[in-house]
Structure formats: structure tokens, C-alpha cells
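The primary structure of each chain is shown beneath.
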Amino acid sequence: MADLTYREAVAEGIAREMRRDPSVVCLGEDIGAAGGVFKTTQGLFEEFGPARVWDTPISEQAIVGAAMGAAMTGMRPVAEIMFSDFLAVCWDFIANEMPKVRYMTGGQVTVPMVVRTANGGGLGFGAQHSQAVENWAFTIPGLVIAAPSTPADVIGLMASAIRSDDPVMFFEHKTLFASKGERPPEGHMVPFGQANVVRAGDDITLVGLAWSMPIVIEAAEQLAAQGISAEVIDLRTLVPLDASTVLGSVARTSRILIVEENPLQGGWGGTLASIVADEGFYDLDAPVKRLAAANVPLPFATHLEDQVLPSVATTVTTAAAMVNS
Amino acid sequence: MADLTYREAVAEGIAREMRRDPSVVCLGEDIGAAGGVFKTTQGLFEEFGPARVWDTPISEQAIVGAAMGAAMTGMRPVAEIMFSDFLAVCWDFIANEMPKVRYMTGGQVTVPMVVRTANGGGLGFGAQHSQAVENWAFTIPGLVIAAPSTPADVIGLMASAIRSDDPVMFFEHKTLFASKGERPPEGHMVPFGQANVVRAGDDITLVGLAWSMPIVIEAAEQLAAQGISAEVIDLRTLVPLDASTVLGSVARTSRILIVEENPLQGGWGGTLASIVADEGFYDLDAPVKRLAAANVPLPFATHLEDQVLPSVATTVTTAAAMVNS
Amino acid sequence: MPDGTQTLPVSTQDLRGWYEQLLVIRGTEKAAFDLFMSGLVKGTTHLAAGHEGVAVGASAALRPDDYVWATYRGHHHAMARGLSPEACLAELMSKGTGACEGKGGSMHLTYAPGNMMGSYAIVGSHMPMAVGSAWSAVLRETDQVSVAFFGDGATNIGAFHEAVNLAVVWKLPVIFICENNLYMEYTPISSVTAVEHPAADRAAAYSLPRIVIDGNDVVTVRDEVGKAVARARAGEGPSIIECLTYRHYGHSRTDPAKYRPEGELEQWLMRDPVTVLRDQLVEAGVGEDELTVIEGRAQQMVTHAVEAAKAAPLSDPREAFTDVWADGGSQWRT
Amino acid sequence: MPDGTQTLPVSTQDLRGWYEQLLVIRGTEKAAFDLFMSGLVKGTTHLAAGHEGVAVGASAALRPDDYVWATYRGHHHAMARGLSPEACLAELMSKGTGACEGKGGSMHLTYAPGNMMGSYAIVGSHMPMAVGSAWSAVLRETDQVSVAFFGDGATNIGAFHEAVNLAVVWKLPVIFICENNLYMEYTPISSVTAVEHPAADRAAAYSLPRIVIDGNDVVTVRDEVGKAVARARAGEGPSIIECLTYRHYGHSRTDPAKYRPEGELEQWLMRDPVTVLRDQLVEAGVGEDELTVIEGRAQQMVTHAVEAAKAAPLSDPREAFTDVWADGGSQWRT
Ligand SMILES: Cc1ncc(C[n+]2csc(CCOP(=O)(O)OP(=O)(O)O)c2C)c(N)n1
Ligand SMILES: Cc1ncc(C[n+]2csc(CCOP(=O)(O)OP(=O)(O)O)c2C)c(N)n1
Ligand SMILES: [Mg+2]
Ligand SMILES: [Mg+2]
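Chains as they are written, first to last, in the working numbering: chain A, 1 to 325; chain B, 1001 to 1325; chain C, 2001 to 2334; chain D, 3001 to 3334.
Everything labelled a hint here was simulated from the structure, so no lab data went into it. Take the hints with a grain of salt, since some may be wrong.
To be verified - Cβ-to-Cβ under 8 angstroms is the rule here; a few derived chain C residues that face chain A:
#1 Tyr2067
#2 Ala2112
#3 Trp2135
#4 Arg2140
#5 Trp2268
Claimed, not checked - If we take Cβ atoms under 7 angstroms as the criterion, some of the chain A residues that face chain D in the derived model are:
#6 Ala34
#7 Phe125
#8 Gln128
#9 Gln194
#10 Asn196
#11 His303
#12 Ser311
No experiment lies behind these values; they were computed from the predicted model shown. Backbone N, C-alpha and C define an ideal beta-carbon position, used for all residues, glycine too.
Construct the entire structure; sequences and hints are all you get.
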């Protein structure tokens, strides 16, 4: 199969579901003829037309709220929030409405919808266009949280997301858009809650998600050159969280280093670390470590942003110190 | 000194600062003549008048945004968001504006303001009026987060909050409003980032915040009756986080149980647990444990809500098992 | 103008039915108030007593498959769409027979069988959702209409603005019905709003006509909503209708409503929707004896509902952990 | 009507000054574009070329102590309030001499010495802040006025609605100035807005008059903003002014603006604020030679700025960890 980019995989993943199921519709700002500001909806308007791909005003509350209302009445809307930072302007719908309606109606109503968004830093977009906010969503019970790191996972998780009867937050990473990978066959699906053991290893478990996957994979290569065998796990979804795979790995490696893009305070790695420090406690031979963004807003300048985010170098150094101490 | 309630302490804490500093002003829904829906601003309108205490429309974005604009131009506004769940409708201001302006302007502008809000569950208000959302704020670098558990701490932390040149999220707990405590003397201040060791102990460290303090205190009593000596720590502020006090305690007790009201997934205890499992790892004789709310929306019915939140009983059982195993 | 914009006919049979509906809703809320006072209802309640004319009148103009969205003050809307008084009261009492199994409570009453899609407790949040169900009807090519009921205070929150604009841009079959009861909680709406009529005076900002009506007259509400429904079904897009009404109780259970000017309540009680409709029935020739029969029947229905709700068991404690996910459970990790 | 509502006088000296300001802003943005293309500016930029008439005209009506709030498209507003071209370009190039030490970038230009309180990249967010600085002026009993500049697209977001309503209710000295450039990013504003004039046609929803003006004529802008300033200082509350203008470049650096109908740009270039003002100067009797001098001086200022900004060192990497807290640092735990 030919390769495709992560960016193309987004559009392709949506298109496959739209072809399959007429109840799938898209809405968002500039997603129609313009193809989205990140070109992640390119071709959808041409293939499916204005009755399936809807341009909206700058009204994020209306976007997510309307998607909800449609989801509750027979449709499967896929709403785009252009940058994940903008989830803040419709946070009520993400935090208080979408994930709670099923519960508070006693199961009378379901909300099968996807909110897609371009997440994360690394492109010099500054404090209000660079945040990794999967941890915001992680504070809210009732949301599925997917964050793919490869084009194939984009397509496979998108299929699961759109077919899911639960509300799904789908985080697409800006720095991965240009990356390439194999085009998965038609029908490819990646189930939720199944972490991907990208590389097997014995000495330490490296856990990453989306943005941090290229970093932990490269770090594992460099560690191998030092004679350290790192197991690399891509969580793929934060909810459901595949804690078993992580705990199983730690049971063998006895060391864990979690690499997150979101800030250390309130980052998702805290919860994962707490699970390991509880349920995996007796397996551990070294302190549980996390590398996460510094607790500062993201700066604009590239050389400053580099100071704030974890890197391959810090991952390698930290992991090596853990194994060698 | 006579006692006062936590509820009265809120109004008293604000009043003390308003008397001291004419640049302190209040705004929010129904906070004026009505005294606030929780009566936490009672008496302010009468004492300071409409030029200092402003009623607003139901426009939370305008409330926090206007407070910001005023804070950046010489005032010290204290904005009330009635229920902390409603922070979601103005989340952009809490997450993207208030905590980032100073940084992204290179320090040109400061934002000395307080956002006060009634936080937490336990009163049968259902999924949209019961959340403990201090963990939402904890995902955002640049916010001071205070959550007092006693009337004296309300007054002391309110003084610190209003005098702070940084944006402060001030979480007042609904279930504590009726609780009583000593009225602190004029000038009483509690500095940020200084946890309160409420009870000394040797066998286990119990860490709580706001709502969970009565629970951990009562649990420590019951544990004492079982011959278990629990040290009880009230964090008081999540940012700054007094990790040293916690780590120092764990260095002696070698066991830690964190009791949180917010959900386990993405709860603040995860970050604290990860710090302990890292920096305190070699002090630990037992798994790091957290008790937090179940990962579900808060149900309306009291008997269902009781299922979801941690309790004295689960705290005692968990702590005892940790010490006795 | 399409046919639907003509005033609809009114039969005395209609009036009788609406009168009974009004009485059942009123009686159920009175019972809820009493149950609250006796400690059997916990949390909070926002009674709609005084607003029922809007619910009954609007419902009379809707089809069973139309969608209705309400706020925390939604007892009347849920019942007008078919929720039984018993399921309403049982919900308030945390019973297993409650509309939402005790997980929703007063503020989240929902009755999906009547396409009453829920009650929402964050001001303004349900308005975009109503836009969404209207969009859904267009996408599915049904001619269902969606209605969002909301308060005067809700017109000052951002979601209102975004919802109405999007509805107009997409020309959706949605009707925004404001229950202007003069207050947002304890504050007079006039003191926090830039215009006199919070909803109607905003309509022009979305190219919609200004409509203000008497919300305490079921027939007027039915007629005006009927016209908007006809426009919506004809593909002519949304409407905003501002209904003037008044709540008889305070904002919520704890509120004695001391902020009201003297005599205001009394004046509005004279225009109580129940009284207004009763007068219309009398005028239409319905006799006192017949009215007494209706009133007795309504009262009995409420009494029965109270007893049944009281008798029902609390919901199963395990319900706390169901219904998060569509598979019925709440599992979040392996 | 207060005196201020009269048309203000215009001297050729004023025109000359404004012309030079226009040229310096235009030239600086042209330089920013070139630097972006040559890889020296990273991230993104939203050029205001074409909109400068609004910035220069409005600034001419303001006092130095008035407050100005802008969007991510804010180069022109920062410079109109005194930010030097060098500090602007240095910021875009992540230099230590940049306006925000490289932490803000193009989207967050701020110039506190000119009470230019910042550029905000979440659409609508700065409008409540402008309400807040106006409130602050009332509280501190100064007669400072606040101005929020925003785009046509921003009128459809909730924060706009909440901000204007609150400003009117509290009768605050704030002026909302819309730069209607026909597009929200790549989508024509008319296709996503319920009214023709996104800002002005909403004014009545807040009891404000409808004002639409030519944003490419500095003098018109100065006059209309001047009237609003006079009303604001006189305690008469807020205004909304919609300025018709056009951006010459695409929405942001990556946008070739292919969605524009043919000839549209060309038509607007004929009404370029620079050309308009130049014509006015010629009409006022200022000769070509004098204009050439002004143009040369502006060009030289820009050239110098580019060189200085290029020569400056990158900001200190430790800057990443400063300025979170008012104490200058970023410590968050013990
Ligand atoms: C976003 C938000 N802000 C504030 C509240 C608290 N609150 C609940 S009801 C209410 C007043 C609403 O007034 P109105 O819209 O007129 O409806 P009414 O209660 O009069 O029916 C307020 C402020 C809320 N629930 N949600
Ligand atoms: C809340 C939010 N939604 C979306 C965006 C992305 N975005 C940036 S600029 C823009 C268009 C704004 O259009 P307009 O207000 O007309 O201003 P202009 O760019 O034309 O000056 C959009 C959609 C954003 N920054 N913030
Ligand atoms: Mg009201
Ligand atoms: Mg525009």
C-alpha cells in the first residue's frame, strides 16, 4: 500500500465513515470548500457536498452544542474545533453537557459524536494556539479520549470514534500532520483502550501519547545503542485507559518513565503514575518518573518553546539514569 | 474570639480587604443587595455600596473578562462565579487569558484578581452543580489555586488572594459553608504554598483539601482508636503546592493516602502521587494510594452521590489496610 | 403568508384539555413544594408555577415528534410533553421509578418518549442543542420542529447569541421561546439587560421579527407558536417569541422572593394562567359543575401520583455506576 | 449633543503625520512578510495591510492614556500606539529586544507604555477585557476611554454579546470598533452571519445606534471615533462602530486567498487607505516633493528597524521560565 500523511489520514478516516454511514456529517469553521486550516478535511466537501459538510460561524459553543443536539436525535456529527486551545470557549459543552447527558437522563439519551481538534505545540504558535489539552478532557468522566500518533491509528481510531455511541474527543497533533505512514486497508479499525506496544524491551517502560511517541521511539533507539532495552508503549486512548498493558510491562521492566506534552501539574501522566505506584508498587525497582512540559504557558519563540517541552535528550538521560542507578 | 461560619468568613475576608484597599471591588450575579445565592457576600453591598459591589447579568465570560481588564489597569477585582461548574462557560478566560497574559506580554502586564466560586458536591445538586473542579484549574500553569477548609483559612487565604499580584482561583466549598470555627484576629493572613499539618502522626500520612479535610480528620480519630497514628495534612493551596511538607511527612510515616473529591482520572492527587512516587520513592513502605470520586458524573440522589464520593469509612479501611499489611 | 400563520381554531374541548393539563402541572408542583418542605425532596427545585401557560400553549401547537428542550425550571415542559406526575415526583424523591432513575433530579427532567430532550442547568446551554435537533431534522429530511424554552436572564449569555445566529444562517426549524418572568434569580432583568425586552428586542440582530406576547394566555401562546411552527415546517427558518409571565414562588426552594415590590405578585396572580383559562371556559359556556369535575380529576391524579411516588423504593445504589457509557456501564480503564 | 460630536478640524500637519504613520506600519508589515518568507519569522503572522486606516484614524482620536485592545491581527494597533517597528519586528524574530521578549510573537503584540494592553488570539476574548478597563476608569474616576478592535467574524462569538451588553448596562466608556474585511479566515462573513452588517446591525440589540463607516479613510475614522470618545468621556456609555475595510494579504501567512472573487482585491486596492490619504494630501496642496520626503523617511525608518532587529540577539533561553508570576519567576511548588 502507498503511504499517506497523518493529515491525509484524518480526511481519509472521516471519508471512509461518511461513505459507509449517511448519518455522519461534519461541521466546523472553514472546513468546507477551504478544506480546513490544517487541510484535514480536504476533499470532503467535494465528495459529500454541502449537505454533509457544513461551514459554521466563529461560534464554538454553537458548533459543539448543535453537534450534540443532532447526535441526540439520530445523526453522528463530527465537529471540528480548529485549535484545541479553543475548546476553552466551548468548555461547558465538553465538560458539562456531552459527557453527562446520558447519565443524568438515566440513560434515556445517547450522544454519539466526535469533537476533533488540532492539539499541541512545537510550531511557534504561542500560548493560545499551542497547548496540549488532552489533560483538560481527562478531568471529565464520560469522554472517550483518543490521540493517535500514526496515520494508520488516525484512520483506525477515527473509525472507532465515529461508530462509537459515546462522545469522543479526538486529538490530532499539529506536529504530526506532515508525518507519513502506511495507508491501512479499508475497514481498518483500532479499538479503544488498547495500547500499542511499539517496541518490546526489558529494562524500562517508556509510555507516550501522540506527540511524545516520535520522541520515546527515538529515545529507545538511542538507549539501545547504550545497551539499554526500553519497552515503548503508545497509549492511543487516555479513556479508556489501557492500564493493564502498562502494569504488565512494568511487571517485567520494573521501571517506568512517562513522557507527556501537557504540563506536569495536572498532566495525565500523574494519574497513570499513581496507578503504577499503587497497583504496580511491588514491581518497581526505581522511582516512577514523568517528563512533561514545564508549568509555564507555551512561549512563542522556538528556542524558548524548546526549553519548555520534553526532548529526546532528556528522555534518554532520564531513562539511562533510572536504569543505571 | 467568637466563632463564625465558613460562609460568614468569606464575606468577612473580603470585607477586611475592601476596608484596607479601595482598589478592591466585587462583581458577580446576585452578589449585591441579595448577598449572593450562598450568602457569601452578605453585608458587602450594605457596607461598601454599589460603587464597590456590582451585580452582573448572566454573562460569566464578561464577568471574568471585565475583572481581568480592570485588574490589568489598576484595580483588584474579586469576581464570583456562582457554582464552580459554571467556570466551564468562561473557561477561556480562566485557562487561556488570566494565567497567560503576564507571560505572553513578557511581563508588561500583571493580573491581580481573584475568581471565587462555590465548589463541590454533597448537597444533591446533580451533575451540573456539584463538581469539584479544582483539578480543572490545576491543569493550567499560571493560576494560584486556594481551597480553604476552615473559616480561619478562608479569611487568611482570602487576604493573601486579594493582595496577590497573580490571578487566584479561590474555591469555597458548599458543604463547608455552615461549618464553624474561630474568628481570626484582624490582619490574619495565611501565606500560599504552606500546607497545614492538622495532626501529627507516625504510621501514615493522610493528605486532604477543603471538602476532604473533615473526612481525613475524622478518619484519623477513628484510626487512632485502632492504634494507628495518622498524620493529617491540609494542602490549603494546590498551586503553589507544598510538596516539601508532604514529602517530609512521608519520609517519617513511609505511607501516604491522598483523599480527593475530584474524580480519580485527572485528579490533583495524581500529580501529588507522582511526585511522592518519584522523589519519595525510597521512603515508601506501601503502595501510594488515592481515594477520589468515581469516574462518573455526580448523580442527583443523595444515596447515589454517597456511592460516588470517598467517605470516612473507606478512608479508615484503606489506611488501616495500608498500615497493617 | 402560509396557511399556518392564520389563527388556529379553538374548541371548548381543547380548552377543557388544556385546563386539566394546567391543573395537573400546577398540582404536581404544589405537591413537589410540600414534599420539599417535609424533607422528602432533596437538593433544589425551581418551580414553574405561573409559567404553565407557556408550556401548555406551546405543546398544543406541536406534534408528538417535535423536539422540546428546557432549563432547570422544566417541570411544566416535561409534563406538557407527557411525563407523568408520578415519574416527575418520583424523580424528585430519588426513586427508582423516577424519570431519570434519581440521577437527574428536578433540574434535569427528561422524557425521551415525548421527544422532551432534557432540562439543562447551565444557563443557555440547551439553546445550541435545540439548534442541533433542528439541523438533524433537516438532515434527516423530516419536518420536525425544535423548541427551546429559556428565561429572560439567559438572553445575556453567549450561547444564546451563537445559537440564534447559527439557526438563522442555516435557516433551521427551531423556535426560541423566552419565558420572561421579570427576574434572573433575585435581580430584576431590566437592571442587567441593555434592552427592554430581553429576547424580542434582540430578534432584529438576527433578522427576525420582534414578537412579544401574553404568556399567561394558553390560547395566545398556542396561536403564536403555531404560526412559528408553520413557518419552520415550511422551511422559513427560526423564530423568537417572548412570552410575558411570572413565577409565583421564589427562584428556587430557598428563596422567599423578598426582592419583589409590594403588590407585584398579587397583580400577576390576577393574571394566573389557570384563572385566565378558567374564565375563557366559563365564557365559552362551560358550567361550574363541569369545571369542578375537571378540577377534581386533576387533583385526584396528583394525589395518586404523590402516593405512588412515595411508595416506590429508592433507586438501586448500583445505579450510581450505570449509564455513563452507551454500553450501560462506567468502566474507564483496563 | 456635546461639543465632541461635531466634526473635528483637520490640519495638513495632521494629514502628514497620519500619512507617515500609515507608511511606517505598511512598510513594517511588508518587511515582516519578507522576513517570514526568508525564514527569519517563525510561527504565523496575520498582516493588517489594508486595515491601517482604522488604526491610525482611531488613534488620532484617542489620548495617550486611553486603553487599546487588539486581536492577533494587531501590528497596526500596537504601532499606532507607539510600538516601534524595531520592537515589533524583533518580537516576530524572537529577539531579546522584541516587545514581549519573544514570548508573545506576532499574535500577542503588547505595548503597555502606550496603554496598548495586548493582542489576543482567541476570537472575542479581549472584548470583555476592554469592558473591564473601561469599568476600571469609572472606578478610578479617570476619564480614560477603552477601545476594542475586532473582526467581522468575532461578532458571532458569545463573548462579543456578553461584552457589549455589560458595557451598556454599566454605561461604560468603551468603543467597540469592528474591522469588517468581508472575511472570517477563508469564509465570506455574509455566509455565516444572520445580518448584513455583522457589528452595526447588532447595535440595536444593545440600544446602540447603527454606525457603518469607510474604514479606509483615516479622517472619517478619526471623526467618527472622535464622536464616540466624546460621548464616552461625557458618561454617555459605549458605541459600536463598523469600519469597512479589506486585507491585502491572505488571512495568515499560509493563505494565498484563492477564495476571493476575481477583481475584488484590485477594487479595494483602489481604495487603499494609503492612496486615499495621499490623494487628500495632494488635494490639500502638499506637493509631490514633500510627499517623497515623507515616503523616504518612512522607508528609512523601516529599513533601520529591519537591520536593528536582525542584528539583535535571540532572547535569553532562561526567559522561558520568567514572567509567569508577578515575582518574575515560575516556581509552582516547594
Ligand atoms: C451559566 C450559568 N450561570 C448562572 C447560573 C445560576 N442561575 C441559575 S438560574 C439563574 C437565573 C436565570 O434566570 P432566567 O434565565 O430569567 O430564568 P428563570 O430562572 O427566571 O426561569 C441563574 C443566574 C447557571 N445555572 N448557569
Ligand atoms: C475562538 C476562536 N475560534 C477560532 C479561531 C480561529 N480564527 C482565527 S482568526 C479567525 C477569523 C476571524 O475573522 P475576523 O473576526 O473577521 O477577523 P479578521 O481575521 O478578518 O481580521 C478564526 C476563525 C480563533 N482564533 N478563536
Ligand atoms: Mg427569569
Ligand atoms: Mg474579517
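Could you work out which earlier hints the structure fails to respect and list their numbers in ascending sequence? Hints 5, 9, 10 and 12 not satisfied by this model.
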